[in-house]
Structures are given as structure tokens and as C-alpha cells.
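> Chain by chain, the residues run as shown.
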Amino acid sequence: MASYLIRRLGQAAFVLLLVSFLIFMGVYAIGDPVEMLVPPDATTAEVNRAREALGLDQPILIQYGLYLKGLVQGDLGTSFVYNQPTIDLVLQRLPATVELGLTAFVFSLIIGLPLGLIAGYRAGSVTDDGIMNGSILAYSLPNFWQGLLLILLFAVQLRWLPSGGRGDTGILFGIETSLLTLDGWQHIFLPALNLALFNSAMVTRLTRAQVQQAMGSEYVRYARAKGISERRILIRHAFRNVLIPLVTVLGLELGNLLAYGIITETVFNWPGMGQLLINSINIVDRPVIVGYLLIVVAMFVVINLIVDVLYTLLDPRIRLGGNKA
Amino acid sequence: MLKVDNLVTSLHPGSRDQVDIVRSVSFSLEPGQILGVVGESGSGKSMMAYSLIDLLDRKIAITGGSIVFNGEDLSAAKQARMRELRGNRIAMIFQDPMVALNPVLTIGEQMIEAIQAHRRMSRRDAEAHAIKTLARVGIPSPESRMSAYAHEFSGGMRQRVVIAIAFLNEPDLIIADEATTALDVTIQSQILAEIQGLAEETGAAILWITHDLSLLSGFADAVMVMYAGQVIEIAPADRLFGAPRHPYTAALMRAVPVAGRTRLENLEGVPPSLADLPPGCAFAPRCPRAQPRCSQNVPPFEGDTTLGWRCFFPLEETP
Ligand SMILES: Nc1ncnc2c1ncn2[C@@H]1O[C@H](COP(=O)(O)OP(=O)(O)OP(=O)(O)O)[C@@H](O)[C@H]1O
Ligand code: SF4
Ligand SMILES: [Mg+2]
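Line by line, the protein sequences are chains A and B.
Numbering-wise, our numbering puts 6 at position 2 of the first sequence, and it's gapless, one number per residue.
Numbering-wise, our numbering puts 60 at position 57 of the second sequence, and it's gapless, one number per residue.
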């Protein structure tokens, strides 16, 4: 176990290094931040001074080397624009984004798993058709449009829920969260639902396909031959097997929800990472872009590790490290 | 105890594509008796077995005949009633325990659930009963094996686990479908001997399905031979092995069984497609005794459910 974790950490460090290099070079290719930062009528001398101040006069590889040196000390650099440490900028907004992503993830499971189970168990029935058609809707309508519809219905027409913003928050383990107050829940419900819809359709369809396959398997026939109830066959025999392929995909889903809820954040005016990232890209604020994406990659790496550990817990045939028993 | 009368099971019943895959099968079984069912691949053995316990796939259904088990007609029984009987009064053993056992649940859980599905028994008592039954079929250190998974057993031990599960609720009838086909010969004969002992001890009747006729000699009390969904001969075992009447049975006896194979090595041709049967005797295209009449009329079944055959020109009683 320990050697496995060390190996995984080594892999993770390598991935982070590679990603940081690619993004660093990518942002360099997008454009020159100095041109964005100085006033349009600045003199060449002023531009050069700004360039020097930001360290942008150095060759790109040296710049990258300096960035890495900071990185290993936990320093993600200072924003060109806000003149604040990147880490502070990100940490101010990250809790809201993570909270929205996690809530949306839980919503997508609450919606997707039962629907997938029912559709898979009753594959080919009217219920199945209904669920599948509904999922195509959630799948194909653009996310922002679904968000606007939700706002129109629940905020404008019915006036049940607010149309945007974060609402009151409480503090849990030193982190601000909406999930402790009613007002917070009222604010997070619609954006989380919006963000969850696409994924709940994914979860539904995947669960359905897996359940349908499992219900036709020999072990289900055998369980029936033992006189086990259909309910137990579905929940214990089939679902327990379905969880194994599901967990991998759910891990990726969670990563996506955490990283790319930008559209929903914009539609619902949610004070998360989205706004910061879009602004930073517009003005080529390299430390913020690179820092944010590194955090995203780190989240994916952690989620992947959790998925792998869950895998070994769920499938007795697999041992840590990936070799089949 | 079990009386099957003219059972017909069909694919796509009631539609224009209806194909009968079990065609008018009749036999009966008494407590403690072992009836061997033999036939080539596709002859309808498994479908006949699944018909008895309501395990047929959705597009396949019983379309005729009756199944009377302990005085109750199962072909008319409700699903809930069939679930009560399955694993309780009628148990089934499948060919490949590696795929029949759930790969991600422990053996213990799969045994305990089989007990608790049919009896009000505490978890602890069910566990003790499961361990006792594992010991009975010759599984060493059964307590510790309860928490093991299917892939952690050898092939022979895995099949013993499945046999233990079949005997858990002391059923009246056990249906074994190719239960030892995947095993090597020494383990196969050990297991057959154990099954015989258990059947004697508990009084369970056994329907033993196999494609290997030779396996049944010295094991089965009676043998039923199936071809293209029909019973073409049924007889007490010593009689059938001593003097088979149907040319197909005789051919089966000459066939050399090859482990794991269901094809007959010295019989030309393949069984007919059920969707496209020849007009007369289904075996006529391959039969060495066939006469013109055989391809015109279907031979009727001569005899009763303990001794009979379906052939116009049966072999002599004493060859
Ligand atoms: N699910 C199914 N759908 C359609 N046809 C089927 C299905 N299962 C079986 N059949 C057909 O029913 C017939 C009888 O099959 P069955 O499985 O009972 O044969 P078997 O004697 O058990 O053969 P084997 O020795 O290969 O197990 C075959 O012609 C087969 O093609
Ligand atoms: S009826 Fe004719 S073809 Fe059929 S088994 Fe008997 S002899 Fe052969
Ligand atoms: Mg079969």
C-alpha cells in the first residue's frame, strides 16, 4: 500500500510538471500580457519597464525555471493584474466552486442512479422509453439554456427561489459554505440542478446499460434459481457489479463538475472560479491561468487515486496496483 | 413426485416466428431417483430444465403440457409461488460456477441469502448451517472459506460450493445442467459419487443433464435421450445401456466422449434446425436405418414415461 501510494505520488508529480510546462508555453503563445497591461499610449520605455518588473524580459525557459522554483516552495506566483498572490485569489473563490460542483455531483447521483436502475431493469418497457427520452433532452439542450429555463420557471414565474448569487454562508472547518443555511440552500439549488442535469443524464444512461447487461448475466439467473427476490437481485447482485464500471466514470464526472462549471457560474452569477478564469484568459494573466489549471489537474489526480482505491474495495478480484488476482 | 406431461416450450410464442424448442416431453421422477438427460448441444435440455422452474428468457414460454410437482401444477403457478419453490423445493446446479456465482459477493453471503430467502432463520444460525453444509460436500476449513470469493476456489471446490448451495434447503428435486462438464475426470467421478450419496441420504430426486452418455452408466437410475427437442428414448439405465432401441441412442453409445466437447465424433452430420425441421423423423437425415417412410411421417412415441422410444424401426431388444 505504502509503495503503491509513493509510486502514484511520483506519477502525479510528473503529470503536474508536464501540464505546467504545456500550459506555461500555451499561454506564452496566446499573446503578450504586457500589451494588455500598459495603457495604449504608453511609451516604449514604459512598456519595457513593465516587462522587466514582471520578469517577462527573460527568455521563456528561464521564466519557466523561475516559476518552477517558486512552485516547489508552494508559490504559484503573483497575478500580473491584481498584484496579489495567485493562491489567495484562487482560494477566495475555490470553496464556492467546489461546493457547487460537489452538490451538483450528489444531485446527479440522486437523479441518475434510481432512473438508470429502473430503466435498466425494465429495459424495453414504456418506463424505460420515457426515461431514455427525458435523458436525451437533458443531454442535448445547451446547458446555459437549461439554466435560463430554470431561472424563468422557478425564480421569475413561481418566485420560489432566487435567480442568482450565493446567499448566506456558514463556516464549516474554517471553510465558507452555503450548505449550512436555508438561504444558502435556496441559492445553490438551481445552479446545482442546472450543472447536474447533463451529468444525471450520463449517469442514467450508463447505469441503465450496465444494469441491463448485469440482469442478463448468468449470476442473476443463478440468484433467481436460488429463489432470491427480484429486489435483492437488482440492488445487491446486479448493482454491486454495476458500481465497478460506474465508479471510474463518476470520478471523471466529478472532476468535470468541479473544473468546468463556468457556464453555470456565469448564468447564476455564482461567485466561483469561473469569472476569475475568464478574466484572466482575456488579459493573459499567466500566473492565475497556470495556477488555476494546476489546481484542477491536482484535483483530477486526487479523484483518480480515490477511484483506484474504491475499485479495489469494490472488486475483490483486483489488488492495488492494478494486477488481477 | 414430479410428473411432466407433454411439455412444449416455444420461442416467440403466439407469433408467426414461433419455434418449438421443447417438443412434447414427458417423464416422471420419484424421490431419491436419478434421471439422466442426454443429448447433443441444442437438443433442448437446458430449455426443458428452465421450463420446470420458470427461468426461461422473456421471449421463451411454455405453450403446452403440464408439470406436476408434489401435486401442484407448476405450468400454471404464479411467479411468486415459483420463487418460493426455487432454491427451496427445487434447486439447480449450473455448468460453470465461475460465472454462476456472483464474483463480487462472498460465498458466505451467497449461501446465507439462499437460506434466508426461504426460512426465518437468524444470520448466525444461517451461517452455522451454511458452514455445516460446506463441510458436508468436502470443503476443507469451511468457516474461513465463508468469506472467500468465487475466484479464490479451485474449479472442483467451486463446483462443490454450488452443490452445497443446492442442498442447503434440503430440496425434493435437484436439476444439474452439465454440472461436471468443466471438470477433469477424477474430480468429476468424485463429485458424482458424492451427489449419489447425498441424494440417497436426503431423498432428493435428481435430474442430471449431460451430453456425455457414458457418465450416466453406474450413476443414473433411468436415462432420457433428447433429440431436436423431443424425447426419442427413455428407459431404466441398465436396460438402455444393455439394449438401446433407438438408432440415435445406439450411435451415442458408440460415440467417443471428448472432455468438454458436445459433438459426436463418429456420427455424421448435425442435428436439424428447429426452425426448419425435416417432415418426418427428425433424425432421418443422419440415421443409418432410415427407410423412405421415415422422411414422410413423424414416428409416434411407443411405450410410456418409464420405457419407450420414437422410431419406426427400432433395434432388436436382444442384439
Ligand atoms: N435465449 C434463446 N433465444 C433463442 N433461442 C434459444 C435461446 N436459448 C436457447 N435457444 C435455442 O433453443 C434450443 C435448445 O437449446 P438448449 O440450450 O436447451 O440446448 P441444450 O441441449 O441445453 O444444449 P447445450 O448442450 O449446448 O447446453 C437451441 O436450438 C437454441 O438455439
Ligand atoms: S424413424 Fe427411421 S429415421 Fe427415425 S430413427 Fe427410426 S429408423 Fe431412423
Ligand atoms: Mg444446455
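Because the hints were derived from the structure by calculation, they are not lab data.
Glycine is no exception: its CB is placed at the ideal position from the N, C-alpha and C atoms.
Each hint should be verified, as a subset may be incorrect.
Cβ-to-Cβ under 10 Å is the rule here; a few derived chain A residues that face chain B [stated by the list, open to error]: (1) Arg55; (2) Ala57; (3) Gly59; (4) Asp132; (5) Tyr226; (6) Lys230; (7) Ile232; (8) Arg244; (9) Asn245; (10) Ile248; (11) Pro320.
> Taking the hints in turn, state whether each one holds.
Against the structure, the hints come out as follows:
For Arg55 of chain A, the suggested interface contact is broken, since its CB lies about 60 Å from the closest CB of chain B, more than 10 Å. For Ala57 of chain A, the suggested interface contact is broken, since its CB lies about 60 Å from the closest CB of chain B, more than 10 Å. Below 10 Å, beta-carbon pairs count as interface contacts, and Gly59 of chain A has none with chain B, the closest being about 55 Å; its hint is therefore violated. About 13 Å separates the beta-carbon of Asp132 of chain A from the nearest beta-carbon of chain B, more than 10 Å, and the hint is not met.
For Tyr226 of chain A, the interface hint holds, the least distance from its beta-carbon to any beta-carbon of chain B being 4 Å, beneath 10 Å. Look at Lys230 of chain A: its Cβ gets to within about 4 Å of chain B, closer than 10 Å, so that hint holds up. With its C-beta approaching chain B no nearer than about 5 Å, Ile232 of chain A sits inside the 10 Å limit, and its interface hint holds. Taken as an interface hint, Arg244 of chain A checks out: its beta carbon lies about 5 Å from the nearest beta carbon of chain B, inside 10 Å.
About 6 Å separates the beta-carbon of Asn245 of chain A from the nearest beta-carbon of chain B, less than 10 Å, and the hint is met. A distance limit of 10 Å between C-beta atoms decides the matter here; for Ile248 of chain A the minimum to chain B is near 7 Å, and the interface restraint holds. Hint status for Pro320 of chain A: holds, given a least beta-carbon distance of 5 Å to chain B, under 10 Å.
Consistency note: the structure conflicts with the earlier hints numbered 1, 2, 3, 4.
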